[in-house]
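Chemist: Since the structure of chain A is provided, determine the placement of chain B on it from the hints.
The residues making up each chain are set out below.
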Amino acid sequence: MIAARSPGDGGARRREATDLYATVLEVVKRYHGAARITRVSYGAGMPVDRLRLVMDRLLALGLLQSEEIDGRPAFDITARGQEFLDTYWKMRGFVEGLEHSTDRRAPNNRR
Amino acid sequence: MTDTHVPKGARVRLGVVDGDLEAEGGSTIQAEGTVRVQGEARFSGDVIVEGGLECRELRSRHGQVRVTGDFTATEKVSTDEGELEVGGAFRARDVDIDRRLSLGGPATVETLEVGGRLEGASTLSAKEVNVGGHFSLVGKITAESVEAGGSVELQEVALDDLEVGGMVRVGNGTIRHRITVGGKFTSDGRIHFGDFSAGGFAEFRDTAEGGSIEVGGVLSAKKDLTFTHLEIGGMGDILGSARGIDVEVGGKFSVGGGLELSGSLEVGGMISVGATLQAGRIEVGGKLTAERAIAGGKAEIGGVVSTRSGLKAQLIELGRTSRATGPLVGGRVELSRGARAEDVFGESVELDRKCEVHRVVARDVIIGKGSTVDEVVYSGTLRVDSGATIRSTPQKVATLPTFPL
Chain A
1 MIAARSPGDG
11 GARRREATDL
21 YATVLEVVKR
31 YHGAARITRV
41 SYGAGMPVDR
51 LRLVMDRLLA
61 LGLLQSEEID
71 GRPAFDITAR
81 GQEFLDTYWK
91 MRGFVEGLEH
101 STDRRAPNNR
111 R
Chain B
1 MTDTHVPKGA
11 RVRLGVVDGD
21 LEAEGGSTIQ
31 AEGTVRVQGE
41 ARFSGDVIVE
51 GGLECRELRS
61 RHGQVRVTGD
71 FTATEKVSTD
81 EGELEVGGAF
91 RARDVDIDRR
101 LSLGGPATVE
111 TLEVGGRLEG
121 ASTLSAKEVN
131 VGGHFSLVGK
141 ITAESVEAGG
151 SVELQEVALD
161 DLEVGGMVRV
171 GNGTIRHRIT
181 VGGKFTSDGR
191 IHFGDFSAGG
201 FAEFRDTAEG
211 GSIEVGGVLS
221 AKKDLTFTHL
231 EIGGMGDILG
241 SARGIDVEVG
251 GKFSVGGGLE
261 LSGSLEVGGM
271 ISVGATLQAG
281 RIEVGGKLTA
291 ERAIAGGKAE
301 IGGVVSTRSG
311 LKAQLIELGR
321 TSRATGPLVG
331 GRVELSRGAR
341 AEDVFGESVE
351 LDRKCEVHRV
361 VARDVIIGKG
371 STVDEVVYSG
381 TLRVDSGATI
391 RSTPQKVATL
401 PTFPL
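Protein chains in written order, with my numbering: chain A, 1 to 111; chain B, 1 to 405.
Please note: incorrect hints may appear among the correct ones.
Stated by the list, open to error - Covered stretches of chain A, going by a simulated chain B footprint (3 or more residues, C-beta under 8 Å):
1) 21-27
2) 31-41
3) 89-97
What the hints assert, rightly or not - Covered stretches of chain B, as calculated for chain A (at least 3 residues, CB under 8 Å):
4) 130-140
5) 146-160
6) 182-189
7) 220-234
Said to hold, decoys possible - Sample of chain A residues facing chain B (criterion: CB under 8 Å; computed from the structure):
8) A44
9) G45
10) E83
11) L85
Simulated from the structure, these hints should not be mistaken for lab results. Even for Gly, the Cβ is constructed at its ideal location relative to N, Cα and C.
If we strip away everything but chain A, and leave its shape as in the complex, we get:
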């Protein structure tokens, strides 16, 4: 499960819809087109009923695709889903980097 903030960041940020989408997409990606919903639920740390809503949304947004394998749906990330992930992580990197530099320059951090 991807934490919204890493340990030591000083307080947890509430997980937003985009964080959940990224979490789910990253887990789905690991299965290279054969992701089952139960496996994704363990990977994403989310109960299946709640995950199903997120997956439906991702399918509707075109970030995920599914096909029947052995009579059961298997999920895969789409090119658009990968694009979402690239943008999401880049933005998170910027935010983290900016907070990092702000922390270092904050007067109350100087001893």
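Modeler: Structure of chain B alone, referenced to chain A:
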């Protein structure tokens, strides 16, 4: 061969099982040292093995299997909606766990796939490790590839490939081929790697040495960094020194020590180098600050260049309305319209219109219309446009004074 069946909730004592072993939920198997199953172990529900377990294959469903001692499966271990906890050493060929695998002792496997969490309190040796969610290990990991969808926390690593969707934190070691991280990468100790790619944020807290490095967002290195190609989408901050072939940074880049590149440096925004910047070619869109900057070929500055000892290059081009603090030493030096500089030295120096320069020392000098120069020393030719101003009489000398740098 005789199969053994342990009914629901039973507590039995077993040593050698000739055939297969079946155990139902809530049962506890006390091992006479180690339970040695010649065939397959099939568990349903929660089953505890007090002591060691050896079998050809373990299959469990809908529950937690806990082996307090060592566990060896010569072939496969699989759980269906279940988890496995091993207190001692763990050895198996192929492992496929749905929910969680917890390892108390050293583990040796060929392939290891966990849907949810993999936690290890000792070492792990594997060919392939694939985890859907979180993977943490206290001891050293030796593997060809590690993949995880969520987050990974490792100490000492000896890997070929590491691919993680979310976040990675490693202690020290080597990742020979490639590190690919969707989100954030942190290394606490010394690390060596082949190629590196992080979508968001990369932080090297100790010396890092690798090949090509690509970071989508922000790179932070607390000590020295060595690479072949470094590409940063956003910002880069290296507190130690950096060495490599090429650097390409979209935004802001700072190096506390020196920056030594055999190829080119391209920075869209700003770059600051605490000691010497040395590169084959320098191209800065915004501002360059360094103790000194030396380019074997061309140095092209769009905005501001500020050095204490100077900027030296075969060809220096300052963009329109750009500013230079500290000496510029060519080769050829070209200042575009409206540029301002202090002392400029070169084989040939050409000022476009409306430039302002304190002193020009060069063999051949061209001063454009509307430009102002306090002092000109030349040894070859001087061409001054009618609208240009030279505040003191130009001095033609037989030999130019020695240039700085």
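Chemist: Each of the hints needs a verdict: does it hold here or not?
Modeler: Hints, one by one, checked against the model:
| no. | hint | verdict |
| --- | --- | --- |
| 1 | 21-27 | holds (count 5) |
| 2 | 31-41 | holds (count 4) |
| 3 | 89-97 | holds (count 8) |
| 4 | 130-140 | holds (count 5) |
| 5 | 146-160 | holds (count 5) |
| 6 | 182-189 | holds (count 4) |
| 7 | 220-234 | holds (count 3) |
| 8 | A44 | 7 Å, holds |
| 9 | G45 | 6 Å, holds |
| 10 | E83 | 11 Å, violated |
| 11 | L85 | 6 Å, holds |
The structure fails to meet hint 10 from the earlier list, while all remaining hints are met.
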